Amino acid sequence: MRSFSERNPAWIAVVGTVLLVAGFLATFYSESLPVIGRGTTYTAHFAEAAGLTTSSEVRVAGVKVGKVTDVRLDGTEVVVAFTVKDAWLGDRTSAAIKIKTLLGQKYVALEPDGEEELDPDDPIPLERTTVPFDIAEATSGLATNLEEIDVEQLADSFRAMSASFEDTPADVRAMLDGLSGLAKTISSRDEELATLLRSMRSVSGTMADLDGEVEDLLVDGDLLLTELDARRDAMRLLLRGTRQLSRQVVGVIGDNEEVLAPALAKLDRVSRILQRNEDHIDEALRLLGPYYTLLTDATGSGPWVDGYLCGLFTEVDGVQRPHLDPDRQRNCHPEGGGGR
Numbered sequence: 001m002r003s004f005s006e007r008n009p010a011w012i013a014v015v016g017t018v019l020l021v022a023g024f025l026a027t028f029y030s031e032s033l034p035v036i037g038r039g040t041t042y043t044a045h046f047a048e049a050a051g052l053t054t055s056s057e058v059r060v061a062g063v064k065v066g067k068v069t070d071v072r073l074d075g076t077e078v079v080v081a082f083t084v085k086d087a088w089l090g091d092r093t094s095a096a097i098k099i100k101t102l103l104g105q106k107y108v109a110l111e112p113d114g115e116e117e118l119d120p121d122d123p124i125p126l127e128r129t130t131v132p133f134d135i136a137e138a139t140s141g142l143a144t145n146l147e148e149i150d151v152e153q154l155a156d157s158f159r160a161m162s163a164s165f166e167d168t169p170a171d172v173r174a175m176l177d178g179l180s181g182l183a184k185t186i187s188s189r190d191e192e193l194a195t196l197l198r199s200m201r202s203v204s205g206t207m208a209d210l211d212g213e214v215e216d217l218l219v220d221g222d223l224l225l226t227e228l229d230a231r232r233d234a235m236r237l238l239l240r241g242t243r244q245l246s247r248q249v250v251g252v253i254g255d256n257e258e259v260l261a262p263a264l265a266k267l268d269r270v271s272r273i274l275q276r277n278e279d280h281i282d283e284a285l286r287l288l289g290p291y292y293t294l295l296t297d298a299t300g301s302g303p304w305v306d307g308y309l310c311g312l313f314t315e316v317d318g319v320q321r322p323h324l325d326p327d328r329q330r331n332c333h334p335e336g337g338g339g340r
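Numbering (the UniProt record's numbering), first residue to last: 1 to 340.
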């Protein structure tokens with residue numbers, strides 16, 4: 001085999017350039033490659049975005065298979081681009097924007113259908129897509145619309161209707177009387193209803209403001225439940241070991257009952273003796289306190305013992321000398337506090 005120095009430099013340059021260009025293109029379009037890429041890109045037309053954002057999940061039968069890459073407006077429709085990996089989509093596939101969490105996060109749910117594979121260049125039409133019903137927006141709109149109702153005018157309308165049907169049969173009159181009573185109740189509760197609607201709007205605004213905090217709380221709760229689930233096996237093993245230990249203790253007690261019974265009986269007698277002599281023990285401990293205090297004072301100054309020897313030195317001819325004279329009276333209470 002010839003070395004590089006013996007080969008044609010022009011061919012080496014051409015091959016190297018081709019390899020560099022191929023590597024650059026593979027790096028630039030790596031997400032579009034079939035094996036290591038993020039999947040195939042499809043598009044779908046929706047009547048509205050419904051809160052869908054880029055990076056929202058794409059699911060098939062509840063399993064995540066991709067994510068939304070683009071949401072743009074095309075005339076009166078919203079075009080959503082998304083990727084799908086490791087999932088087959090037919091030419092009759094339908095798409096729906098569904099609610100992921102209580103806080104309003106959305107995802108795209110795909111329902112594969114058809115006999116042939118869906119062409120990525122053919123978008124899913126508006127006829128095969130649906131959008132969710134947003135409860136928060138509906139509640140807010142309901143509160144706004146109800147606040148605009150003239151309650152007094154509504155009550156006058158019900159009273160006028162009741163007067164118009166005054167000569168009608170008893171059943172109809174009873175129904176109209178009920179409507180009239182309902183109108184009076186609504187009219188009398190006007191302020192309460194207005195307060196309730198304002199509270200509903202305030203709650204909706206607060207939930208919208210605390211969207212991130214509530215979402216973090218739910219995520220943390222999910223993490224806590226996940227950790228508890230992970231610790232469940234360890235807790236089960238701990239309980240099983242505790243049961244086994246209790247059975248072994250019961251067995252040991254049963255096997256050694258002849259030895260343990262006399263020992264426990266003697267221990268009971270000792271405890272009764274100690275209980276009867278509780279006052280004497282307390283008095284002994286009280287007296288031991290000063291003794292150990294003085295002992296600590298005598299031995300705590302260093303590697304020696306402090307003490308006082310009375311009568312060792314006697315003054316003879318004006319000089320202190322070691323002289324023991326049993327006939328001499330001595331005072332054994334040192335004025336200086338003792339010595340070593």
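Check the hints yourself; a few may be wrong.
Capping the alpha-carbon separation at 25 Å, the derived lysine to any residue pairs in SDA-like fashion look like this [what the hints assert, rightly or not]:
1. Lys-64 <-> Val-131
2. Lys-64 <-> Pro-290
3. Lys-98 <-> Trp-88
4. Lys-98 <-> Gln-153
5. Lys-100 <-> Glu-115
6. Lys-100 <-> Leu-154
Just so you know, the hints here were simulated from the structure itself, not pulled from any lab data. Note that this is a predicted model, so its numbers are computed, not measured.
Check the structure against each numbered hint from earlier and tell me which ones fail, lowest number first. Hints 2, 4, 5, 6 contradicted; others consistent.
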